[in-house]
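Chemist: Here are the chains, one letter per residue:
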Amino acid sequence: MEQRASRSRASSSRLNSAAAALAAGVGLLLARDSRPAQAPPSPPPTIVIGGEVDRFAIPDCIPRKGDEASREVCRTVTQVLRADQQFEGLFRFVPQSLMSAIPPMDPEAPNFTDWKGIGATVLVVSRAQVTGGEATVELRVHSVATGQSMLSKRYTGRDDNPRIFAHQASDDLMTLANYRGVARTKIAFVSDRDAVPGRRTKEIYVIDYDGYNPRRVTVNRSLNILPNWSPDGRSLAYVSYRRGNPDIFVASIYEGRSADLTSDKGGAAFAPSFSPDGKRIAYASSRQGNMDIWVANADGSSPRRLTSTGALDTAPTWSPTGQEIAFTSDRSGTPQIYVMDTEGLNVRRVTTVGNWNDAPAWNPSKQFSEIAYTARLESGGFDIAVVDIATRQVRQLTQGRGSCEYPSWAPSGRHLTFACGRGGKWQIAVADRLGRTITMLPAGPGKNEQPDWGP
Amino acid sequence: MTCRLTRACVILAVVACLAAGCGGKKRPPAVSTAPPTSEPSGRTPPTEVPPAGEPGPDVRSLGAETARGEDFTPSNAETGEGGPLEDIHFEYDSANLTDQARTMLEKHALWFQSHRAAKAMVEGHCDERGTVEYNLALGEKRARAARDYLVSLGVASDRLRTVSYGKERPLDAGNNEAAWAANRRAHFAVSR
Numbered sequence: 001m002e003q004r005a006s007r008s009r010a011s012s013s014r015l016n017s018a019a020a021a022l023a024a025g026v027g028l029l030l031a032r033d034s035r036p037a038q039a040p041p042s043p044p045p046t047i048v049i050g051g052e053v054d055r056f057a058i059p060d061c062i063p064r065k066g067d068e069a070s071r072e073v074c075r076t077v078t079q080v081l082r083a084d085q086q087f088e089g090l091f092r093f094v095p096q097s098l099m100s101a102i103p104p105m106d107p108e109a110p111n112f113t114d115w116k117g118i119g120a121t122v123l124v125v126s127r128a129q130v131t132g133g134e135a136t137v138e139l140r141v142h143s144v145a146t147g148q149s150m151l152s153k154r155y156t157g158r159d160d161n162p163r164i165f166a167h168q169a170s171d172d173l174m175t176l177a178n179y180r181g182v183a184r185t186k187i188a189f190v191s192d193r194d195a196v197p198g199r200r201t202k203e204i205y206v207i208d209y210d211g212y213n214p215r216r217v218t219v220n221r222s223l224n225i226l227p228n229w230s231p232d233g234r235s236l237a238y239v240s241y242r243r244g245n246p247d248i249f250v251a252s253i254y255e256g257r258s259a260d261l262t263s264d265k266g267g268a269a270f271a272p273s274f275s276p277d278g279k280r281i282a283y284a285s286s287r288q289g290n291m292d293i294w295v296a297n298a299d300g301s302s303p304r305r306l307t308s309t310g311a312l313d314t315a316p317t318w319s320p321t322g323q324e325i326a327f328t329s330d331r332s333g334t335p336q337i338y339v340m341d342t343e344g345l346n347v348r349r350v351t352t353v354g355n356w357n358d359a360p361a362w363n364p365s366k367q368f369s370e371i372a373y374t375a376r377l378e379s380g381g382f383d384i385a386v387v388d389i390a391t392r393q394v395r396q397l398t399q400g401r402g403s404c405e406y407p408s409w410a411p412s413g414r415h416l417t418f419a420c421g422r423g424g425k426w427q428i429a430v431a432d433r434l435g436r437t438i439t440m441l442p443a444g445p446g447k448n449e450q451p452d453w454g455p
Numbered sequence: 001m002t003c004r005l006t007r008a009c010v011i012l013a014v015v016a017c018l019a020a021g022c023g024g025k026k027r028p029p030a031v032s033t034a035p036p037t038s039e040p041s042g043r044t045p046p047t048e049v050p051p052a053g054e055p056g057p058d059v060r061s062l063g064a065e066t067a068r069g070e071d072f073t074p075s076n077a078e079t080g081e082g083g084p085l086e087d088i089h090f091e092y093d094s095a096n097l098t099d100q101a102r103t104m105l106e107k108h109a110l111w112f113q114s115h116r117a118a119k120a121m122v123e124g125h126c127d128e129r130g131t132v133e134y135n136l137a138l139g140e141k142r143a144r145a146a147r148d149y150l151v152s153l154g155v156a157s158d159r160l161r162t163v164s165y166g167k168e169r170p171l172d173a174g175n176n177e178a179a180w181a182a183n184r185r186a187h188f189a190v191s192r
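If you're matching them up, the sequences are chains A and B in order. Quick note on numbering: the working numbering labels position 111 of the first sequence as 111, and the sequence is numbered without any gaps. Quick note on numbering: the working numbering labels position 3 of the second sequence as 3, and the sequence is numbered without any gaps.
If you're looking for bench data, these hints aren't it; they were derived computationally from the structure. All residues carry an ideal CB built from backbone N, CA and C; glycine is no exception.
Once the Cα atoms are required to be at most 25 Å apart in a straight line, the calculated DMTMM-like pairs of lysine to aspartate or glutamate come out as:
1. A:K447 x B:E81
2. A:K425 x B:D93
3. A:K265 x B:D148
4. B:K107 x B:D87
5. A:K447 x B:E177
6. A:K447 x B:D172
Take a look, some chain B residues computed to stay more than 10 Å from chain A by CB distance:
7. N96
8. E106
9. A109
10. Q113
11. S152
Simulated coverage check for chain A against chain B, where a stretch passes if three residues somewhere in it have a Cβ under 8 Å from a Cβ of chain B:
12. 194 to 200
13. 212 to 226
14. 241 to 249
15. 266 to 278
Work out the full structure, taking the sequences as your base and the hints as a guide.
Modeler: So this is what it looks like as structure tokens:
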């Protein structure tokens, strides 16, 4: 009962924030999304899925009308929903070859015996139609054993980006198992694709988690790097050289404005990192001469220095509780990852293997007490590694892809992104937290680097 | 000083003469008669500044620059590239000044003494190995090491600012030892 209540709260708050984002209008930065809307009150899910035993069948979406627009939306929904679920890797699926072996389904009254016969335990039925530029997508999830409805949703919105319906449906499927899906999350990154000739400028962009739908965020024709999402997904902190020196700015991406946090304070400031509650920003600054970790309020006020060893201290990242900060320091002679509390006390070294460990990213899920980072291994290249904070055990995620660096976790902590490159050609990769599947994203032209996975 | 002013006067006269077409129409008095000075800023009423973007000779500006007695080509104003001062180079993952770098900086300090109006943004750069953040910090340290040594040699600290570009703006995009060595540097973006 409690699980159900929390699920529906989470679901409705997500919808509210999506609606709020859309209410903000087109803005400078993000193209108009479709408008996901919740269906009228639907029967609450009655079964909590234990991911290991259930086998999901996701048959082709069935259009409600025969026109090409409706069929096209259906094709996209089928393809993207399957890809999203494949990426989540939480459920097991009935292969398409088996699904095509049973008689065509009546979407209003599926013959559950057929589905049981091919080993499905959960049936995901989707339907779509387009009327006058507006698409409606329905999702119905049934328990095959009982025929009961576990989830029923209707999404409506403009038909120009039907992928959003599938992403929404995928996230709703994840809530059945009480998981937070990644399908509607976004990744910010840095690219030189729009570099001003001869000036080597870089700008910040946002893509959907699967690499689609690229949008440019900064337009200042300067050097803009190191983006970091606010926990509510409405702002991006980043470093810009627009005033000559590297300084931290925060862009309100749906309003198209940005605030300057540090340029009046002298020295360089970079590597911004929002606290989990979004109220503070940790960063590296040399305003008092040496490069140290600082923490300020999210508007840049009340900056406080946390480190003072005389070493280079950079790249802060918050623990999921907001009570600790991991960072890189070369106080031992080589860059290594350390952890301290938010007063700068109780400093301890976390990495003990290797002579170059940098760019830590603390897994935001309290379930996994681990930090991803960039490690230089024997080969001389850099790779992504993850250290278990309690045991100091290290697992190496990447190998033989040139150099990989700059890891960043998805909000769920089940996946991460990083950039891999060889000879100046850098692209964004996504992987599950064990590194079993690594996918290069179609993020677009140019050198694409420094990804940050946001809400 | 006198020598520089005299030379400046001659140059100003020549420039003004060229720009006005020598012997043609009468030149506006403010242009032709403004005495050169080593501190020309603020001497010319703002009304004489041509509207932004309007083409045509800007005699006042040329005269003023010449009057400072500077005879160097500054770095590219937009990119900071090029300029009169050679880069200094660093060892891998180090911001320590090598003997070669010190020798170079000593030459640069002399140059600053004879070019009083020159200012420089000291840029710290790194090779592509290592992370973005670490290299930004390292580049900052390199820039400061170069700046501090110049200051210790008598260059006024308000003439030198520092900025780190980390590994964001390599000189050589190559992926080999030679490129890396070229990219581990402090560059001097010189302006007047």
